[in-house]
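Using UniProt numbering, the letters of the sequence shown correspond one by one to residues 1 to 185.
Hints are supplied without guarantee of correctness; some may be wrong.
Mimicking DSSO-like on lysine-lysine, the simulated pairs with C-alpha atoms at most 30 angstroms apart in a straight line are [claimed, not checked]:
hint : residue 1 : residue 2
1    : Lys106    : Lys148
2    : Lys106    : Lys122
3    : Lys181    : Lys170
4    : Lys148    : Lys122
5    : Lys181    : Lys148
6    : Lys170    : Lys148
7    : Lys100    : Lys135
8    : Lys181    : Lys100
9    : Lys100    : Lys148
10   : Lys135    : Lys181
11   : Lys122    : Lys135
12   : Lys148    : Lys135
13   : Lys24     : Lys43
The following label-pair restraints were derived from C-beta to C-beta distances [said to hold, decoys possible]:
hint : residue 1 : residue 2 : range
14   : Gln169    : Leu108    : 26 to 34 angstroms
15   : His97     : Lys135    : 17 to 25 angstroms
16   : Gly143    : Gln164    : 12 to 20 angstroms
17   : Lys170    : Leu108    : 24 to 32 angstroms
18   : Lys106    : Gln160    : 33 to 41 angstroms
19   : His97     : Gln169    : 16 to 24 angstroms
20   : Gly145    : Ser109    : 15 to 23 angstroms
21   : Gln169    : Val48     : 55 to 63 angstroms
Just so you know, these hints were derived from the structure itself, not from any lab. By construction, the Cβ of each residue, glycine as well, lies at the ideal position given by its N, Cα and C atoms.
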Amino acid sequence: MSNNFEIGDRVSVLDDAIDGVVTKVNQNEVTISTDDDFVMTFKKDELVKINKGSLTNLFSSKSVSQVLSEKVEPTKRSFTKEKKSKREEFVLEVDLHIEKLVPSMKGLSNYEILNIQMDTAKGQLDFAIRNRMQKLVFIHGVGEGVLKSELEFMLGRYEQVSFQEASFQKYGFGATEVYIKQNVR
Numbered sequence: 001m002s003n004n005f006e007i008g009d010r011v012s013v014l015d016d017a018i019d020g021v022v023t024k025v026n027q028n029e030v031t032i033s034t035d036d037d038f039v040m041t042f043k044k045d046e047l048v049k050i051n052k053g054s055l056t057n058l059f060s061s062k063s064v065s066q067v068l069s070e071k072v073e074p075t076k077r078s079f080t081k082e083k084k085s086k087r088e089e090f091v092l093e094v095d096l097h098i099e100k101l102v103p104s105m106k107g108l109s110n111y112e113i114l115n116i117q118m119d120t121a122k123g124q125l126d127f128a129i130r131n132r133m134q135k136l137v138f139i140h141g142v143g144e145g146v147l148k149s150e151l152e153f154m155l156g157r158y159e160q161v162s163f164q165e166a167s168f169q170k171y172g173f174g175a176t177e178v179y180i181k182q183n184v185r
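Start from the sequences, fold in the hints, and give me the full structure.
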């Protein structure tokens, strides 16, 4: 670093984003005209001389236009979204909580409640099979597991049906997801 500044030298301020040209030199102070046409005075040790070729040699011997012409935008990849039919997107959700199935459960025994729930489940499963739906979800709740075990027993009697716990994130612990294998003819 040279502290010998002359009028006309191009300089940069060390601790700031200021560049300019030297207009006046005193013993320990240098006055510059900034690129924004401000006149400012700094101590000699706050400035650094910029040689005309030093920045271009430091980074590249190419001009800005050459660098920009070489910089080509990468071609964007195209993604084709697979379209699913309305039948594949739709998932029949059957809530088997008794309060959703009857207007009042007053006077119903546990046996009658379970029969109503199972009749609803069987009817909805048969409806899904007839209408060639691929998936349905039975929401049975957690409870003591009686309804869940009855559902699993009923689903096990269908050859074209497989089932598993439904998504915990969406339904919690109380749901069973049913997949219906369609016969291709």
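Looking back at the hints listed earlier, which ones does the structure fail to meet?
none
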